[in-house]
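Undergrad: Modelling step: build the complete structure from the supplied sequences, incorporating the hints.
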Amino acid sequence: MATSNQLKRVDFIFRNENDWEKILSSTLQRKPQDLINELISSELKGRGGAGFPTGLKWKLTAESKEKEKYVICNADEGEPGTFKDREILSRVPYKVLTAMAICGYITGAKRGFIYLRGEYKFLLPELNKVIDEFDYYCQETNLDFKISIFMGSGAYICGEETALMESMEGKRGEPRNKPPFPTQAGFMGKPTVINNVETLVHTFTIFKYGAKKFYDLGVQYSRGTKLFSVSGDTPKPGIYELELGMSLQDFVYEFGDGDTKAVQVGGASGFLVPRKKFKDAAIGFKGKLTGISLPTGGSMMLFNSSRSMFNVLDNYLEFFREESCGQCTPCRVGCQQLLLGIKAVKRGEKPASYLDKLLRLNETMQYTAKCGLGQSVANSFSSIVENFREEMIY
Amino acid sequence: MNKKVNISINGFPVEISAGKTILEAAEEQGITIPTLCHHKDLCVAGNCRVCVVEVAGQNRLSAACATPCEEGMEILTNSLKVRNSRKQIIELLLAEHNADCTKCYRNGNCELQTLASEYKIMTQDFIELVPLKHASIDSYSPSIIKDDSKCIRCQRCVRTCAGLQGVNALTVAHKGDKMKITTFFEKAMRDVVCTNCGQCVNHCPTGALVEKNYIEEVWEAIANPNKHVVVQTAPAVRVGLGEELGMKPGKSITGKMVAALKRLGFDSVLDTDFTADLTIIEEGTELLTRLKKALVDKDKSVSLPMATSCSPGWIKYIEHMFPDHLKNLSTCKSPQQMFGALVKTYYANARNIKPEDIVSVSIMPCTAKKYEAFRPEMHDSGYRDVDYVLTTRELAILIKQAGLDFNKLEPAKYDRLMGESSGAAVIFGATGGVMEAALRTAYEIVTGREVPFENLNITPVRGVDGIREATIKIENPVEEWAFLDGVELKCAIAHGLINAKSVMESIRAGTSDYHFIEFMACPGGCLGGGGQPIPTNPEIRQKRAEAIYAEDEGLPIRKSHENHEITKLYKDFLKEPLGEVSHHLLHTKYTQRERY
Numbered sequence: 001m002a003t004s005n006q007l008k009r010v011d012f013i014f015r016n017e018n019d020w021e022k023i024l025s026s027t028l029q030r031k032p033q034d035l036i037n038e039l040i041s042s043e044l045k046g047r048g049g050a051g052f053p054t055g056l057k058w059k060l061t062a063e064s065k066e067k068e069k070y071v072i073c074n075a076d077e078g079e080p081g082t083f084k085d086r087e088i089l090s091r092v093p094y095k096v097l098t099a100m101a102i103c104g105y106i107t108g109a110k111r112g113f114i115y116l117r118g119e120y121k122f123l124l125p126e127l128n129k130v131i132d133e134f135d136y137y138c139q140e141t142n143l144d145f146k147i148s149i150f151m152g153s154g155a156y157i158c159g160e161e162t163a164l165m166e167s168m169e170g171k172r173g174e175p176r177n178k179p180p181f182p183t184q185a186g187f188m189g190k191p192t193v194i195n196n197v198e199t200l201v202h203t204f205t206i207f208k209y210g211a212k213k214f215y216d217l218g219v220q221y222s223r224g225t226k227l228f229s230v231s232g233d234t235p236k237p238g239i240y241e242l243e244l245g246m247s248l249q250d251f252v253y254e255f256g257d258g259d260t261k262a263v264q265v266g267g268a269s270g271f272l273v274p275r276k277k278f279k280d281a282a283i284g285f286k287g288k289l290t291g292i293s294l295p296t297g298g299s300m301m302l303f304n305s306s307r308s309m310f311n312v313l314d315n316y317l318e319f320f321r322e323e324s325c326g327q328c329t330p331c332r333v334g335c336q337q338l339l340l341g342i343k344a345v346k347r348g349e350k351p352a353s354y355l356d357k358l359l360r361l362n363e364t365m366q367y368t369a370k371c372g373l374g375q376s377v378a379n380s381f382s383s384i385v386e387n388f389r390e391e392m393i394y
Numbered sequence: 001m002n003k004k005v006n007i008s009i010n011g012f013p014v015e016i017s018a019g020k021t022i023l024e025a026a027e028e029q030g031i032t033i034p035t036l037c038h039h040k041d042l043c044v045a046g047n048c049r050v051c052v053v054e055v056a057g058q059n060r061l062s063a064a065c066a067t068p069c070e071e072g073m074e075i076l077t078n079s080l081k082v083r084n085s086r087k088q089i090i091e092l093l094l095a096e097h098n099a100d101c102t103k104c105y106r107n108g109n110c111e112l113q114t115l116a117s118e119y120k121i122m123t124q125d126f127i128e129l130v131p132l133k134h135a136s137i138d139s140y141s142p143s144i145i146k147d148d149s150k151c152i153r154c155q156r157c158v159r160t161c162a163g164l165q166g167v168n169a170l171t172v173a174h175k176g177d178k179m180k181i182t183t184f185f186e187k188a189m190r191d192v193v194c195t196n197c198g199q200c201v202n203h204c205p206t207g208a209l210v211e212k213n214y215i216e217e218v219w220e221a222i223a224n225p226n227k228h229v230v231v232q233t234a235p236a237v238r239v240g241l242g243e244e245l246g247m248k249p250g251k252s253i254t255g256k257m258v259a260a261l262k263r264l265g266f267d268s269v270l271d272t273d274f275t276a277d278l279t280i281i282e283e284g285t286e287l288l289t290r291l292k293k294a295l296v297d298k299d300k301s302v303s304l305p306m307a308t309s310c311s312p313g314w315i316k317y318i319e320h321m322f323p324d325h326l327k328n329l330s331t332c333k334s335p336q337q338m339f340g341a342l343v344k345t346y347y348a349n350a351r352n353i354k355p356e357d358i359v360s361v362s363i364m365p366c367t368a369k370k371y372e373a374f375r376p377e378m379h380d381s382g383y384r385d386v387d388y389v390l391t392t393r394e395l396a397i398l399i400k401q402a403g404l405d406f407n408k409l410e411p412a413k414y415d416r417l418m419g420e421s422s423g424a425a426v427i428f429g430a431t432g433g434v435m436e437a438a439l440r441t442a443y444e445i446v447t448g449r450e451v452p453f454e455n456l457n458i459t460p461v462r463g464v465d466g467i468r469e470a471t472i473k474i475e476n477p478v479e480e481w482a483f484l485d486g487v488e489l490k491c492a493i494a495h496g497l498i499n500a501k502s503v504m505e506s507i508r509a510g511t512s513d514y515h516f517i518e519f520m521a522c523p524g525g526c527l528g529g530g531g532q533p534i535p536t537n538p539e540i541r542q543k544r545a546e547a548i549y550a551e552d553e554g555l556p557i558r559k560s561h562e563n564h565e566i567t568k569l570y571k572d573f574l575k576e577p578l579g580e581v582s583h584h585l586l587h588t589k590y591t592q593r594e595r596y
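Order-wise, the sequence lines are chains A and B. With full-length UniProt numbering, letter number 115 in the first sequence gets 115, and the count goes up by one each step, no holes. With full-length UniProt numbering, letter number 174 in the second sequence gets 174, and the count goes up by one each step, no holes.
No lab work stands behind these hints, which were simulated from the structure alone. A hint or two may mislead.
Stated by the list, open to error - Calculated cross-link-like contacts (lysine to aspartate or glutamate; reagent style EDC-like; alpha-carbon spacing at most 20 Å):
(1) B:Lys-178 / A:Glu-318
(2) B:Lys-293 / B:Glu-488
(3) A:Lys-178 / B:Glu-74
TA: Pasting the structure below:
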C-alpha cells in the first residue's frame with residue numbers, strides 16, 4: 001500500500017532569501033568533487049519528468065576532457081498543465097542563475113543558456129534585468145561564466161533536450177539519436193548539462209542547506225520536494241511545493257472538488273488515474289515500494305464526473321498529432337491513427353475491437369518511437385482507453 | 001585502435017569492431033535488417049524505425065542503424081516483439097503512402113513495396129491518410145517530378161540535398177501530421193536553387209521523386225516515318241545500363257547497348273564520346289589560351305583557375321551559389337549540347353537531311369541534362385539542339401518494352417558520322433576523367449610527348465576522395481609553348497557538390513592557386529549520376545569506375561586528338577579550335593541566378 005501520510009507542504013523553492021551572492025561565493029570555495037558528492041548523496045532526480053539523477057549528469061559532464069562545455073536551463077515548459085517554471089523564473093530567477101554558475105564551476109562550462117519557451121516572451125524584460133545584474137556580479141568577482149537567453153519558437157518538441165539543442169544550433173527542432181547523450185556530445189557537439197528550471201533551483205537548496213535536509217524529505221527513490229501545477233476541476237488551482245511520495249488519495253482529499261473522477265498525472269504525456277486506483281497510486285519515481293508510482297513533471301489535472309474522458313483523450317491526441325516533430329514513423333503516423341481511430345470507433349465506423357488494434361499500435365509507439373514524445377503518448381492513451389473503455393465507444 | 005567488442009546476435013556470439021552499428025554487425029553476419037531511411041551515402045537519420053531490434057534488458061527497441069554495438073549486447077533481430085513492431089510500422093507507412101502501385105513509375109523497384117511484400121501486409125486496417133491530405137504533384141521541372149502523396153518522410157532526399165550536394169533545395173517544413181518535404185516557401189522545384197542533379201531521385205526509396213520521363217515522346221518520334229531520329233549515348237550509360245537489365249554492377253556493355261538501340265528503331269546510333277573528344281580539343285585549347293594570356297600577356301582580365309563545364313548540375317549550382325565566379329567556367333558546352341548543335345548542322349548537312357526533320361535524343365546518366373537541353377541558349381543550330389533526354393533507367397524501360405532479350409544481342413558498332421571516340425572520352429564518365437583526358441591531350445600539344453605516366457593512366461587524378469589535387473610539371477615544351485617551360489600545372493578535381501562548394505570557397509577566398517579544376521555535380525562523377533540505376537552506392541560506383549577504366553584501356557585510340565572523325569570535323573567544318581564556327585555552336589554563356 002502506498003503511504004497515507006497527510007500532504008506535506010514545504011517552502012524551499014519560492015523562499016525569497018536574497019542571499020544568492022553569499023551562497024554562490026561560499027559554494028565556489030568548495031572543491032568541485034565535494035559538491036558533486038553532495039549532489040549525488042541528495043539523490044536529486046531531474047524534475048522535468050524523466051527523473052535522471054542530477055548528480056550523475058553533472059559528474060559525467062565534469063569528467064569529460066573537452067575544453068568547451070555548456071550548461072543549459074530547459075525553460076521550454078510546454079507540457080499541458082504545467083506552469084511552475086514560469087513562476088520560478090518570475091519569482092526567484094537568481095536562484096536559477098546561481099545554480100547554473102555553480103554547475104559551470106563544477107563541470108568546467110563557461111557558457112550558460114536559458115532556453116525560454118516562446119510563449120514566455122513576456123518574462124524577457126525582467127529576466128534580462130536579472131541576468132545583467134548577475135553578469136555584473138560575475139565581472140566584479142572575476143567569475144568566468146556568461147548566461148544568455150535563447151528564445152524558443154513555440155514547438156512542444158523543443159522541450160526534448162536534443163531537439164532543444166538542434167533548435168539552438170539553428171536547425172530544425174528534431175530529436176537526435178541517443179547515444180551520444182548530451183553529457184558526451186550536446187550543444188554544438190560539446191558536453192552539456194541540461195536541466196529543468198526546477199531541478200536547478202533544488203541544487204541551490206541543496207548547496208545552501210546541505211544534502212541531508214533535502215534527502216530527509218520525500219520517500220525512498222523519490223527524495224525531496226516537487227512543485228505541482230494543479231489545475232482542472234479543483235477549488236484551489238495553483239502551484240504547490242509538496243514532498244514527494246504522497247498518495248494520490250491524499251492529494252485528491254486536499255485538492256479535489258468532492259467529485260473527482262480521475263487525475264491526469266504528468267500532463268498529456270503522463271498517466272490518467274481513475275478514482276478506484278487513487279489509493280494505490282503514489283507520486284514519485286519508479287522503484288517505490290508498492291503500488292503504482294507516477295513520475296511527473298508536476299502537472300496535476302483533476303477531472304470531475306462532468307468530464308467526458310473521450311473528449312479528454314481526443315484533446316490530448318489533437319495536441320500530439322500537431323506537436324510531433326514528424327520525423328519518425330511511429331509518432332508521426334501513429335498519433336494521427338490514434339486520433340482518427342478513436343473518432344471512428346465513437347462514430348461507429350470502426351468496431352469497438354478496433355480499440356485493441358490501437359492499443360497494440362500504442363505499444364509499438366512506446367517501443368519504437370525515437371524520443372520521449374512518441375514513447376509517452378502511450379501513457380495517457382492506454383490509461384484512458386483501458387480505464388474508460390465504455391466512454392470511448394458509447 | 002581496432003578494439004573489438006563481444007556481442008551476440010540472435011543467440012550466436014560474435015566479435016565486432018568497436019564503433020560499428022548493430023546494422024553493420026548484422027550485415028557482417030549475413031543477417032539483413034530491413035531499412036528505409038538508411039543509405040550508405042548518407043548520414044544516419046534513424047527516423048523510419050523499420051530497422052528496430054531488441055536488445056536484451058531493454059524494454060524499448062533500438063534502431064539498428066543508429067545504435068553502436070556495446071560489449072555484452074544481446075541482440076535479437078527477429079523476435080516476435082521486433083516482428084510485430086516492424087510490421088506495424090510498415091502498415092503505418094502504407095497508410096500514409098499513396099500505395100497505388102500499379103500506376104507508379106517505381107513499381108517493381110520500390111523499397112517500401114518490397115518490404116510490404118516481404119512482410120505480407122495483405123490488409124489495411126489503419127485509416128488511409130492519403131485522401132485526407134491534399135498532397136500536390138510538382139511536375140513543372142523539366143527534370144524531376146515530386147509527388148508528396150508517395151513520400152514516406154524518410155528524409156533521404158533532404159540529407160542528399162544537404163549532405164551530399166550542399167544545395168539544400170529540399171528541406172523539411174511544418175511538424176506533426178503536416179510535416180512534409182518541400183522547398184523554399186514551397187515554391188516549385190523549377191523555381192528554387194535545385195540543380196536538377198537528380199541525386200534525390202536516385203536516393204528516394206519510393207516514387208515520391210522520379211525523373212520526368214520522355215519515353216512516349218521518343219517512341220512517337222521513332223514511329224514517325226518523316227523523322228530521322230538520332231540517338232547519342234553518354235560514357236557512363238554503358239557501365240550502368242546492365243544493372244537495370246539484371247546484370248551485376250561493373251559490366252560494360254557498349255556493343256550490346258548499341259545493338260539494342262538499333263533494334264529500338266533509332267535511325268542513327270551515335271556516341272556522346274565523340275563530342276567528349278571534341279570538348280577536350282576545345283577546352284584544352286581554351287585552357288592553354290588562358291594560360292598564355294595570364295602568364296605571357298599578363299592579361300589581368302583572364303580568370304584562372306578554369307573550371308570544367310560538362311556537368312549541368314554543377315553549372316546550375318555555380319550560377320546560383322557562386323555567380324561572381326562564372327568567368328572561371330570554361331565557355332565550352334557540355335558534350336551533349338555540342339553533339340546536339342552539330343547534329344542539326346554538320347551531320348544534317350553531311351547526311352543531306354533537313355535539320356527540322358531530325359529528332360535528337362540523348363541517353364544520359366543524368367537528370368540535369370534534361371534541364372540543360374531545355375535551356376533557351378541551347379538552340380544554336382537554329383532548332384532545339386537536343387530534343388529529348390532519357391536517363392539510363394528510361395533506356396532500360398525502352399529495351400524492356402520492346403521485348404529485347406539483351407543477353408542474345410550480338411554487340412554492334414556505333415554508326416558514323418560522329419560515332420568514333422577515344423578512351424579519353426570514355427573516362428569522362430568517372431570523376432577525374434575529364435581532367436585525365438584533358439591532360440593527355442594538352443600535355444602532348446605543349447611538349448610533343450605523351451604524358452609521363454605508365455600506359456597513359458594518370459593515376460593521381462583517379463580515385464574516390466571528394467577533392468583530389470595533382471601537379472604536372474611542364475618541361476622542354478615545343479617552341480610555340482616555350483613560355484610554359486618549368487610551369488607546374490596545378491589541377492584539382494571535385495565531385496559531389498558539397499566538395500565543389502569547399503573548392504569554390506577557397507577560390508573565392510583567394511587561397512587556391514589552381515590552374516584547372518574538374519567539377520562534377522554527382523559523387524563519383526557521371527557514373528554515379530542521378531539518372532543511373534537505383535540503387536547507387538559507394539560499392540556500386542567503384543564497380544562502375546573499374547569498368548570505365550577497363551574500357552579505356554581496351555580501346556585502340558586513347559587520346560582525344562587522335563580521333564580521326566574529330567580531325568575530319570575540323571578540316572571540313574569547324575576549321576580551328578575556338579574558331580568562329582566553334583564559338584557559335586560549341587560555346588555558351590552563363591546566367592546569374594537567385595540563391596534560394
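Undergrad: Evaluate each hint against the coordinates.
TA: Against the structure, the hints:
1. B:Lys-178 / A:Glu-318: Holds: B:Lys-178 and A:Glu-318 sit about 12 Å apart, inside 20 Å.
2. B:Lys-293 / B:Glu-488: With a Cα-Cα distance of about 16 Å, the restraint between B:Lys-293 and B:Glu-488 holds, given a limit of 20 Å.
3. A:Lys-178 / B:Glu-74: Roughly 18 Å separates the two Cα atoms, so the pair holds.
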